[in-house]
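In terms of my numbering, the sequence shown has 186 at position 186, counting the first letter as 1, and numbering is strictly consecutive.
To be clear, the hints were calculated from the coordinates, so they are not data collected in a lab. You may find that some hints are simply not true.
[Unchecked claim] So the derived label-pair ranges between C-beta atoms look like this:
{"hint": "1", "residue 1": "Arg35", "residue 2": "Val206", "range": "43 to 49 Å"}
{"hint": "2", "residue 1": "Gly146", "residue 2": "Pro223", "range": "20 to 26 Å"}
{"hint": "3", "residue 1": "Val121", "residue 2": "Arg147", "range": "27 to 33 Å"}
{"hint": "4", "residue 1": "His224", "residue 2": "Ala67", "range": "47 to 53 Å"}
{"hint": "5", "residue 1": "Arg255", "residue 2": "Asn50", "range": "34 to 40 Å"}
{"hint": "6", "residue 1": "Ala67", "residue 2": "Val164", "range": "34 to 40 Å"}
{"hint": "7", "residue 1": "Thr227", "residue 2": "Gly146", "range": "44 to 50 Å"}
{"hint": "8", "residue 1": "Arg35", "residue 2": "Gly228", "range": "33 to 39 Å"}
{"hint": "9", "residue 1": "Val121", "residue 2": "Gly204", "range": "36 to 42 Å"}
{"hint": "10", "residue 1": "Ala131", "residue 2": "His224", "range": "18 to 24 Å"}
{"hint": "11", "residue 1": "Gly204", "residue 2": "Glu167", "range": "39 to 45 Å"}
{"hint": "12", "residue 1": "Arg255", "residue 2": "Ser178", "range": "38 to 44 Å"}
{"hint": "13", "residue 1": "Pro223", "residue 2": "Pro125", "range": "31 to 37 Å"}
Every residue, glycine too, gets a C-beta built ideally from N, C-alpha and C.
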Amino acid sequence: MLIAHLSDPHVSTRPDGGDAVTRFFEAVSRLEALRPLPDAVVVTGDLTDNGAPDEYVIVRGLLERLAMPVHVVPGNHDAAPELLSSLGGSGFASAALPEPDRCYYRVDHPEVSLICCDSSVPGEPYGMLGAAQLEWLDAELGGLDGRQVLVAMHHPPVRTGIGVMDEIMLRDADALASVLERHRPVQRILAGHVHRSITAGYAGAVVSIAPSTYRQVHLNLDPHADTGAFVAEPPGFLLHQVSGASAVTHLVPVRHTSQPAGQI
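Work the whole structure out from these sequences, hints included.
Structure, rendered in structure tokens:
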């Protein structure tokens, strides 16, 4: 199964937000040009910059171009109730049965079960799943033994070494690890938030953090740095190729426009 993993488009209708919309359009167009086409698309949060209804209208219009199933989760710049109101009826997201104002759900594809989590906390930049969602996740994983499982969320549960981002990571990562280690069917955790392509090990799984389709965070591993910055690196997304118990991830630059040249 081939899964395209986009993140952090930060679509905005503000006068200075045009680049975000253009770059998300370019990312969707790049995805549509892939051969073979992905079987599904996951967008790991911060679909919008302000969680506003008119921003979700733009997001929905771009995602509806895609012929394959699309699954989204909210980030700290999103508003989960507004996301559900705007995108829930499209099949892109579902409200959580235990917490109807939050957006977490499970989708079963023939080859993979995808568990989409809501790590957003209203008004806060950091992430937290919370006791009710962790209990739900525990129950879902308990019924998936023998299946290949991917978990998607916005905030990564690992420290990346970029201090300004690590301050606003997932706050209940230890509790999540306890749940995952009880079951061990999780192959990958798909995340965003950091605006960089990063890979890490966590609780017996591989964490794949996707770059932003909008702009990237400067790679600053100075442990004493107390500020961060954006940098003019190319946008992109990840492509996960899942086959049985194995998975391979490729980084896809959005602005790769040249045709293949020569032979290897």
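Verification of the hints:
no., hint, result
1, Arg35 x Val206: 43 to 49 Å, "violated (26 Å)"
2, Gly146 x Pro223: 20 to 26 Å, "violated (42 Å)"
3, Val121 x Arg147: 27 to 33 Å, "holds (29 Å)"
4, His224 x Ala67: 47 to 53 Å, "holds (48 Å)"
5, Arg255 x Asn50: 34 to 40 Å, "violated (26 Å)"
6, Ala67 x Val164: 34 to 40 Å, "holds (38 Å)"
7, Thr227 x Gly146: 44 to 50 Å, "holds (47 Å)"
8, Arg35 x Gly228: 33 to 39 Å, "holds (37 Å)"
9, Val121 x Gly204: 36 to 42 Å, "violated (26 Å)"
10, Ala131 x His224: 18 to 24 Å, "violated (35 Å)"
11, Gly204 x Glu167: 39 to 45 Å, "violated (26 Å)"
12, Arg255 x Ser178: 38 to 44 Å, "holds (41 Å)"
13, Pro223 x Pro125: 31 to 37 Å, "violated (20 Å)"
In this structure, the hints that do not hold are numbers 1, 2, 5, 9, 10, 11, 13, in rising order.
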